[in-house]
Structures are given as C-alpha cells and as structure tokens.
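As a plain string of letters, each chain reads:
There are 2 protein chains.
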Amino acid sequence: MNQESKFQYEKFLNHISLDCVVFGFHDNQLKVLLLRMKFTKEWALPGGFVKEDESLESAATRVLKERTCLDNIFLKQFKVFSDPQRSNTNPAVQDLIDSGANPDQSWFNQRFISVGYYALVDFSKAEPQPDYFSDLCEWKSLNEINTLILDHLQILNKALENLRMQLNYQPIGYNLLPDKFTMPELQKLYETILGKELDRRNFQRKMLSYNILIRLEERKTGGAHKAPFLYEFNLENYQKALQNGLYGGW
Amino acid sequence: MNQESKFQYEKFLNHISLDCVVFGFHDNQLKVLLLRMKFTKEWALPGGFVKEDESLESAATRVLKERTCLDNIFLKQFKVFSDPQRSNTNPAVQDLIDSGANPDQSWFNQRFISVGYYALVDFSKAEPQPDYFSDLCEWKSLNEINTLILDHLQILNKALENLRMQLNYQPIGYNLLPDKFTMPELQKLYETILGKELDRRNFQRKMLSYNILIRLEERKTGGAHKAPFLYEFNLENYQKALQNGLYGGW
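Chains as they are written, first to last, in this note's numbering: chain A, 1 to 250; chain B, 1 to 250.
Under the rule of at most 27 Å between Cα atoms (straight-line distance), these lysine-lysine pairs were calculated in the DSS-like manner:
id, chain 1, residue 1, chain 2, residue 2
1, A, Lys51, B, Lys51
2, B, Lys11, A, Lys51
3, A, Lys158, B, Lys240
4, B, Lys11, A, Lys11
5, A, Lys206, B, Lys196
6, A, Lys206, B, Lys206
7, A, Lys206, B, Lys240
8, B, Lys206, B, Lys188
9, B, Lys206, B, Lys180
10, A, Lys125, A, Lys140
11, B, Lys158, A, Lys158
12, B, Lys140, B, Lys196
13, B, Lys51, A, Lys158
14, B, Lys158, A, Lys51
15, A, Lys158, B, Lys76
16, B, Lys206, A, Lys196
17, A, Lys76, B, Lys158
18, B, Lys51, A, Lys11
19, A, Lys240, B, Lys158
20, A, Lys76, B, Lys76
21, B, Lys240, A, Lys196
22, A, Lys240, B, Lys196
23, B, Lys76, B, Lys240
24, A, Lys188, B, Lys240
25, A, Lys240, B, Lys206
26, B, Lys188, A, Lys240
Stretches of chain A that chain B covers, calculated by requiring three or more beta carbons in the stretch to come under 8 Å of a beta carbon on chain B:
id, segment
27, 48 to 59
28, 108 to 122
Quick caveat, the hints were computed from the structure, so don't treat them as lab data.
The beta-carbon is built from N, C-alpha and C at its ideal position, and this holds for glycine as well.
Construct all of the structure, not just a fragment, from the sequences and the given hints.
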C-alpha cells in the first residue's frame, strides 16, 4: 500500500460523515451510483469524511469528483442522519476496520452523524471509480437495490422523496438529461421520479406552457416510428420559472 | 451556581451543534424567537449541542422545550452550516467562554458544524425562557432583526427561504395560526412568508378550492366592520392535499 492510497483518518473531523445519493438517467431508468465493499461485498452509497479546513460542500464535491471524475456536479444537501445507533454498533463498520486503513480501529467505531446529499449527473459523462474501501463502483437501477449497508437504504429513499418534492423547484431535468432530449424522454424521467404514469398529452401541454423548452429543428434518429423532435432547455427561462415553482407562484 | 444549571460540556458530542429558527405569528406579523447574550448583549438564535445518546431531532426537541415550554413542536431540519470559519475564530464565541460555563475554554473554541432547524409554534402558547448563556428570550419581528451573532442571520434567511418553498408542502398555516382564524389572517400569513401582497379574491378562491378549510358558524368579534367568518383546518384533507403540494400533483 503506498502512502497516497492510505486512508489518513487523522485529517478528518470526528463524528461527521457524508453520504451521497448520485442519480443518473439512462435507458429510460433512474440509476444510482453504488460501491461494493471489498470484504463483505455489500453495497453502499459513496461517502466520505470532512477535513479540518473543509466545508461540507467542499467535502462532498471532493468525494464526488473522486467517484465520478466530474467537476461542477449539481449537489443538494437534503437531510442529516443522526440516529445514535446508526453506525457505532453496526457490523458493516467491521468492513472499514478490516480494510486495514486505520491502525486505530476506534476511529471507525465512533458515532458518526452523516449529512445526506443528492447529486444529479449526466450519466454519459460520469466515470465510476471505487474508493479505498470498495472494489466496484457501478450504476444500479432503483428496482435492483434491495439492501445497502448501515442506514443507506433509508438515506436513498429520503433522497428520492426530496427529489420528488423538489421537481418543481430544482433544475432536475436539466441536470439528469443529456443536452438534447425528446419529450418522451423528459416524460419518462418525470414518471420515474414521481413513481407513476402521466398522461402524454397533458404532460406535453404543461411542459410547453412553462416556456422553458426550445424545440430544435433536428429529430431523434434511430427509432422505428416517426422520429420525435429533440428539445433543449431555455436555461434562463427555466431558472426564472423554478423560482416560483413550475406550477406558478401565489 | 448550582449543579443543575451548570453547562456540562462533557456530555456533548464534539464539533456538532444545532440552531433553531422558531417562527410564530402574532399581530399579523411573522416573529422569530431570539436570545440576548448575557455579556455582549448581542442577539442569537436558540441552539444547543447533541448528547452522546441523542439523535439531532431529540436534541432539537429538548432545546425547544427548554426555550418555549412547549411539547410536540413542528420541527424541520433545513440545512447544515459548515463553513470552517463560522465559529472557531468568531468573537461571539468569547461570550460563551465568559459565561464561565466551561473550565476547558477550548471546547467552545473548537470548530462546530451546525444543523439548522426551523420550528413553527402557536405564538400564544409559547413561554420564552433564556438559556444558560443569555439573559433575555423574546419574540422579534423580522424587520426588527438587523444583526445576529456568528452566521445566525444567514441561518435565519435560509430558514425563511425554505419556509417559502415549502408553503405548499408543509402544514405551515396549521402550525402557525391559532385553532380558529379568519381568511384575512391566513392571507396575511401567506403574504408575510412570501414577502408580497396577494389579491384578496384570488387567495380566497384558491384556498377554498383545496377543500382544506372548514367555515365555522362563529364570526370573529371585536372588529369595527362586519365581522369576518372564522375557519379551522380540515386536518385530514390538509394532509392529503399537501402530499401532492397545494397546486395539485402532476
């Protein structure tokens, strides 16, 4: 093990960790980036600790850059997880200890309060990288995820709940979709996040009424039927519309 | 100083604090509960630390019970404040040290990451109580608040921003208003939170269309003109409507 890859726990604040729910959209499915732990082979959310001179935002940005090779990720803090039993008695912690990263095992055994972030990334641009404690970093569809270490499944579900609630207030479509997309793709994204089917005509009518989409001259190629138009976001109008929420303000 | 009132820092986790923005509604104004520091006479948000066996929610509930004498307060975590410079170099920390609470001054001088909560309380029921570090605990109107210690003004503004965004998703009216209220009072609450005037007829029409209000037979007494009707919330319908947001779901 060389010095660079060694986990230097002395640099980090005690008691504070962060966990990131990284969402991507691919093949009409909402995906989440997960790590497989080296020893137990259990799956976990990407996460990390906070250096003494770092804000939480800087720490989360650093962690996500390491896991995805992306800069400028859309990141949103959504909840702190602080059940006193969430980590210090959990067998998953043994995995971190087994990694041999820390000569002082008590560091991982302390109580951690974890700050949850969700991140929205362009699936096609991310390059998943495992961390010191894992041997795989992969995208998983929501329906493939049954168990995660610690309280990570709860963190994931809470992130989804926030994503749903913030759909009208955050540039979620803009950050998850490629630059050019079709109306069916946009609708599928909304359906996946909301967990329900939407009426095609109503969706299109509402979406167009916000004046946040630009219809391009190009059409999507490769489909069997009549090719759908491609759209891109009018970012200025989008940002303005989100300030009041997409349903309009009071 | 008796033993009970002594601040026992040994019981608390290092690095983690919480700050509460407690909102109340009175005389048609949104009010915030503040403490005046004993020594510098600066104003601060109520806050506290987390015991080793407590979740953040339990800690916030405990702190708010101490400051308001109320149980079952509506509490919502909204953001963590983690700028590395937010507390450990701030002169306001001297106030805590001057209090003599802590024989080991370095405890207050450490870096704290603070979890922000907003709370909604029935103004008429709260009984403000100063804490160990303060000599006054009082409601202040938003327009009276110019400066606060540390980054507390930023925390307050962020709480307001969240309140605004969550107006359609959280039972904000229910928690801030007395059990019975008039339509003008409800409108004034919305106007105060949104920071803008609303059209009286549109507001009433929208509000009634959600089917979340019950008009009572009584009217408000004491006014000079025709007394307005009193309303109460239909809590079951209210909770259902909030699940989709008051503008209705997709």
